[in-house]
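Asks: Sequence:
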Amino acid sequence: MLAGDWRRRKVIPEVDAEPDLVVEDADSGFCGAVVGFESGAVVLEDRHGRRRNFPLMPAAFLLDGRPVTLRRPTRAPVPAARRRTASGSIAVDGVRARVARAGRIWVEGVHDAALVERIWGDDLRIEGVVVEPLEGIDNLGAQVREFDPGPGQRLGVLVDHLVPGSKESRIVARVTSPYVLVTGHPYVDVWQAVKPAALGITAWPVVPPGRPWKEGVCAALGVAEPADLWRRILSRVNTFADVETPLINAVEQLIDFVTEPS
1 MLAGDWRRRK VIPEVDAEPD LVVEDADSGF CGAVVGFESG AVVLEDRHGR RRNFPLMPAA
61 FLLDGRPVTL RRPTRAPVPA ARRRTASGSI AVDGVRARVA RAGRIWVEGV HDAALVERIW
121 GDDLRIEGVV VEPLEGIDNL GAQVREFDPG PGQRLGVLVD HLVPGSKESR IVARVTSPYV
181 LVTGHPYVDV WQAVKPAALG ITAWPVVPPG RPWKEGVCAA LGVAEPADLW RRILSRVNTF
241 ADVETPLINA VEQLIDFVTE PS
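One point on numbering: in UniProt numbering, the residue at position 128 of the sequence shown is 128, and numbering is uninterrupted.
There could be a bad hint or two in this list.
What follows is a set of in silico ranges between Cβ atoms, one per label pair, in the way DEER data are often shown [what the hints assert, rightly or not]:
1. Ala220 / Asp20: 49 to 59 Å
2. Ser169 / Leu56: 52 to 62 Å
3. Pro73 / Glu225: 50 to 60 Å
4. Arg145 / Glu225: 32 to 42 Å
5. Glu18 / Arg50: 17 to 27 Å
6. Gly128 / Asp20: 25 to 35 Å
For lysine-lysine, the following DSS-like pairs were computed, each having C-alpha atoms within a straight-line distance of at most 30 Å [to be verified]:
7. Lys214 / Lys167
8. Lys167 / Lys195
9. Lys195 / Lys214
By construction, these hints were calculated from the structure, which means they are not laboratory data.
Note that beta-carbon positions come from the ideal geometry of N, C-alpha and C, so glycine has one too.
Start from the sequences, fold in the hints, and give me the full structure.
Replies: Below, the structure is given as structure tokens:
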């Protein structure tokens with residue numbers, strides 16, 4: 001009477017390995033989303049972009065912590081298109097903005113802040129980083145001391161025209177706190193960090209020394225007011241591809257710095 005399996009066998013459910021289904025390999029603990037199949041194995045990609053292949057063995061995976069057997073769908077899965085933010089990073093859907101960190105990123109003015117928001121806004125909200133405009137950096141040393149940076153309150157500063165021998169470089173040299181990172185770009189104004197092609201021009205106009213740069217650019221391009229030209233510039237910036245590499249590198253460094261764990 002005891003012949004055979006008299007106990008109730010546990011039934012392991014079978015699940016179609018649809019694109020973007022997130023599972024864990026029961027043996028290795030590797031967790032990732034289904035992105036395709038190779039040589040009869042399912043391909044998983046983790047959140048860092050690393051990919052591994054796993055055979056479709058019975059009860060070989062965990063779904064929400066429970067064992068499952070993955071099976072290849074009857075139709076070939078089509079990898080879902082990855083949505084990217086304006087900065088080029090992979091977009092994270094359904095995530096609320098993080099509560100603001102104590103750390104900050106300072107920029108020289110409202111135009112700098114608007115351009116950074118245009119490109120890196122999604123990233124900054126997820127990371128909980130606030131960008132604050134300054135009225136220039138002439139008083140940067142005093143402002144840094146008042147901010148009182150520390151391990152849990154890092155400060156990043158984006159500076160225009162940060163080139164050797166400039167007034168800006170001399171001001172920045174006096175900031176020595178290990179919890180402050182100052183980066184910058186070589187352009188006279190953040191406007192110039194926008195690629196001319198994005199505005200439909202071959203190059204930014206050359207403004208003679210001694211003349212205010214923005215007013216000189218407006219005159220050369222036939223625009224009456226700087227505010228009008230700025231609205232046109234900002235409207236033409238959609239992704240990181242519309243701005244110059246030095247600005248991209250400078251902002252990315254600041255985001256990495258202020259979000260580094262204390």
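Asks: Confirm or reject each hint.
Replies: Hints, one by one, checked against the model:
| no. | hint | in the structure |
| --- | --- | --- |
| 1 | Ala220 / Asp20: 49 to 59 Å | 50 Å, holds |
| 2 | Ser169 / Leu56: 52 to 62 Å | 60 Å, holds |
| 3 | Pro73 / Glu225: 50 to 60 Å | 59 Å, holds |
| 4 | Arg145 / Glu225: 32 to 42 Å | 37 Å, holds |
| 5 | Glu18 / Arg50: 17 to 27 Å | 20 Å, holds |
| 6 | Gly128 / Asp20: 25 to 35 Å | 26 Å, holds |
| 7 | Lys214 / Lys167 | 19 Å, holds |
| 8 | Lys167 / Lys195 | 25 Å, holds |
| 9 | Lys195 / Lys214 | 16 Å, holds |
In summary, the structure agrees with every hint in the numbered list given earlier.
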